[in-house]
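A.B. asks: Sequence:
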Amino acid sequence: MRILELELEAFGPFRDRQRVDFARASESGLMLIAGRTGSGKSSLLDAISFALYGSVPRYDGRVGRVRSDHADPSQATRVRLDFEMGDDRYRVERLPEWQRPKQRGEGTTLQKAEARLWAWDRTAGSDGGGDWRGLASRPADVGPELHAIIGLSLDQFLQVVLLAQGGFQRFLHADDQERQATLRTLFRTERFADIERVLVERRSALGERVGQAQARIDAFLEQAESAATDPEGSAPDASEAKDAATGSSATARRERVAASIAQERLACDRLRADAAESVAAADRADHAAREARRIAERQRRLSAARARATELDARASDIAAAREQLAAAERAERALDRVRRAEQAELRRTVASASLDERRDRFAAARSAAGRTAEDAGSALRDSVAGTLALLEERRADEAALEASAQRCDDLEHRIETLATAHARIETRAHELPQLLVSAQEAVAAAERRAAPLAELTVARDRALTVRDAARRVPELVDQLTSAQQRSADSAQTAATAAATVRDLLARRLGGMAGELAQQLAAGEPCAVCGSREHPAPAVQDDPVAPEAIDRAEHAAADAQARLESARAAEREVDTVLAETRARAEHASPDSAEERAHAAETALADAVASAESLASVRDRATELDRELAGVAEETRRTAEQLAEARRELTTAQAQHVDRTAAVERAREGFPSIAARMEAERALRDAIDAVITATADLRAAEAAAAQAGDEQTAILTELGFADVADVRDAARSAEKRTALRDRISEHEVATERNAGVLADPELQDLPEAAVALDEAEAALASARDTARRHETAASTAEQRVAAREDALARLDAALEAGAAGEAELLHLRRLADTVQGKDPNTRRMRLEVFVLAARLEAIVAAANGRLRRMVGGRYTLEHDDDVRSRGRQSGLGLRVMDEYTGRSRSAASLSGGETFLTSLALALGLADVVTAESGGITLDTLFVDEGFGSLDPGALDEAMATLDGLREGGRTVALISHVAEMQERIPAKLEVVVDGRGVSSLRGDGVEPSSAPRRTARPPSERR
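FYI, full-length UniProt numbering numbers position 160 of the sequence shown as 160, with every residue one higher than the one before it.
In case anyone wonders, no lab produced these hints; they're calculated from the structure.
One or more hints might be untrue.
What the hints assert, rightly or not - Label-pair restraints from in silico Cβ distances:
{"hint": "1", "residue 1": "485", "residue 2": "608", "range": "41 to 51 angstroms"}
{"hint": "2", "residue 1": "194", "residue 2": "101", "range": "51 to 61 angstroms"}
{"hint": "3", "residue 1": "575", "residue 2": "608", "range": "34 to 44 angstroms"}
{"hint": "4", "residue 1": "387", "residue 2": "698", "range": "22 to 32 angstroms"}
{"hint": "5", "residue 1": "771", "residue 2": "743", "range": "39 to 49 angstroms"}
{"hint": "6", "residue 1": "747", "residue 2": "300", "range": "54 to 64 angstroms"}
Even glycine gets a Cβ: it sits at the ideal position worked out from N, Cα and C.
Input sequences plus hints: build the corresponding full structure.
C.D. replies: Here you go:
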């Protein structure tokens, strides 16, 4: 894992956006993060922790504490981190929840936390040069995605990558279980724990299967023994069963069961032979019974056929009479067709005669209605009617035009009246217009005089309003200036007090410096002031002042000074605004400025009203001038239209009189031409109806005569005297069908019964009835005997088969049980061993055993550096001694003191020794993890403080060790304020604090805070 870039804003002491390119800042492999105490060096590590895990351990996980107190209320807190895992590059960005100002109204609202995760896609982008591809966009999704990518929990990350203040020695002082969890994640050894779990599960499952196999063996034995009987079919003696169940092994019991089954099989064979003989006897009885039933059935059939023949002979005379009725009915049916046709022809003749009489009456009525006389008849009358209808059709158009011509005359009279009225009105208007035009022109001149000073009045009104607004604001600004002056005075007092506090603390610190130096003295070590190794009377610090207290006081003084400058700037700004406002008010009072503005607005309103009326009076004068020019032409045009309308009226009235006379002649007394045409059409239709009825009557008389001749011929042919004789012989279709069915049924029954009597099976039968009951009784007895013998044989065979099946399953269970017990013994020993139980004398589980080898490699890698840094005095040891009370062992760490030759706990080391040992262990851990195939590579290491506890020699060795890491391609970032380290490490990232406590970054790889954000380049372009 390699940290590449960090960008943060409104985070901790960093108000403005800061961006650090770690890849460029630490190209040498070793980088120092320097700055004053409390400047925000550790906040950079907090930002990395927050970006990756959404938590900051320094604040007990409360992410709300990370927001900068210097941030603008509307400025969001944001951290963005770019990092590599192998060949893959990722970017994560987080924003904690914060109270932002509401977009509408006053107050704040909670802005929820945000998180986003991207991966660099080398093939994406419009030009194929790569682009960021989103992986997750919610905090709930980003966390699991990052855990899958990094593979480290926050606690593990703080032990192997980001070694923060107070947690540097956690891996060194961890117990075996904590160390196992960290190493498991780093080396991906979960598979060994999975192997252990699988073995234990297989041991449990196999133990259950072996127990189940033994239970099956017992069940099969009990089943085979409980079904045992003696050869006569009775159960064995109870004492024998008890002996079999308690006093014998499974094998001996199995042999006794096998012998018992063999005896039962012989008894079954005897029972099966008896059953076969009984079945044969039953078959013979069944054959005899079937033969008796066959003869009895044939005797019954012969008796029934003879009785049926007697019955059919008795009905022969009735069937002969039915045949005669059917023949007469079929002849009558042929004659009835001609009879019906003759009756229908006579009916049609009668109807045609009546129709002719009725149509002659209608003709007489129509002729009278049309005004014709009785002499008018025949074809001449029909021709006269046709001519009259043609003439009337021509006159219908004249009649229809009468109403239109009358309306035309009325319309012309109305138009003449309208034109005359309009002509008179126009002449009156022509006399009025000259005087109206003169009056309008005088009104225009008056309005122009009143609207002339409009522009000057507008300027005066605007100036008066400006003066009034400025005069109104002056009292408010005077109050603001008074308040600002009071705040400046208060801030000056606070700043003076804070500065005095700083001076007091500095004086006390200098006064107690001897005591502070005395606290750093160690027995046998030289004094930093005089160099003496003896310290007979060290000074005592009565009132110690910590550097942190001075830093806090300086921060408070800087904040107070900043607030003072801010208050004075606000006071100057209000004073400047007040002077400008008084100048705009022309030093007038609010009342006089109000009166001046009111007078200016009133004068302007009068001028505006005059200007608005000027346009309307001008339009009125122009309109009257145009109307006067057009009134003469309108007078001439209306006079011409009036004369033309009077000529049209005279012509229309003459045409209407002529058309009315012609129509009256065509009506001849009818109310209208249409009424006369209706009467003529009715007469024409009546003439046509009489002609048609006459022709129909002649045709009906001819048809009736022919039908009568045909009826007489058919009656003679079929032997009927008259129509009544035919009707007596006729039968309906249903009755004829019934006669046919009755005759057919009798013929079929007679023929079928004769066939039965001629059947060969019914010939030569004995006259006496067979003894059927005796044969059936013999058959039932034989079947009952066979059934009892078959049941006994089947029951015995089923019992023997069940015992043989139980014996076979018992043999299979005995074989499987023996194999399972052998496998269980082997698997139990293996599972106990990987669980750290007997016969494992080291009490070390399988995964711990694997991790112990890794820990030995880590210790070996760490000792190479540790010996050099501590002058060969200490060596780390892998402690795999068995722990007491069953505690886990195998991953312990101890320290060998080469001076005493004794091994002791790592907790017994001093602060500086603990720091060097932890540093060596962390570097060794990174070496082994990087070298392990499939592990997590640790290419970046952050170390926060701890160097201040080292003497110059130990510091030299530690620096030399860290400097050697560059050869392996790793990057180590050190956080320290030790002056010597700042001189020896050229690559620096400095945290600078201004007078208001706002921190910023400078150094290699730092982008200025004012620069816009740019998209980071892909990994291949940054190396």
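A.B. asks: Compare the structure with each hint and give your call.
C.D. replies: Outcome of the hint check:
Distance hint for residue 485 and residue 608: a CB-CB separation of about 46 angstroms, consistent with the stated range 41 to 51 angstroms. The supplied range of 51 to 61 angstroms is met by residue 194 and residue 101, whose beta-carbon atoms lie about 54 angstroms from each other. Range check, residue 575 to residue 608: Cβ separation about 41 angstroms, and the 34 to 44 angstroms hint holds. Remark: the range hint 22 to 32 angstroms for residue 387 to residue 698 is upheld by a beta-carbon distance near 30 angstroms.
Range check, residue 771 to residue 743: Cβ separation about 45 angstroms, and the 39 to 49 angstroms hint holds. Distance hint for residue 747 and residue 300: a CB-CB separation of about 26 angstroms, inconsistent with the stated range 54 to 64 angstroms.
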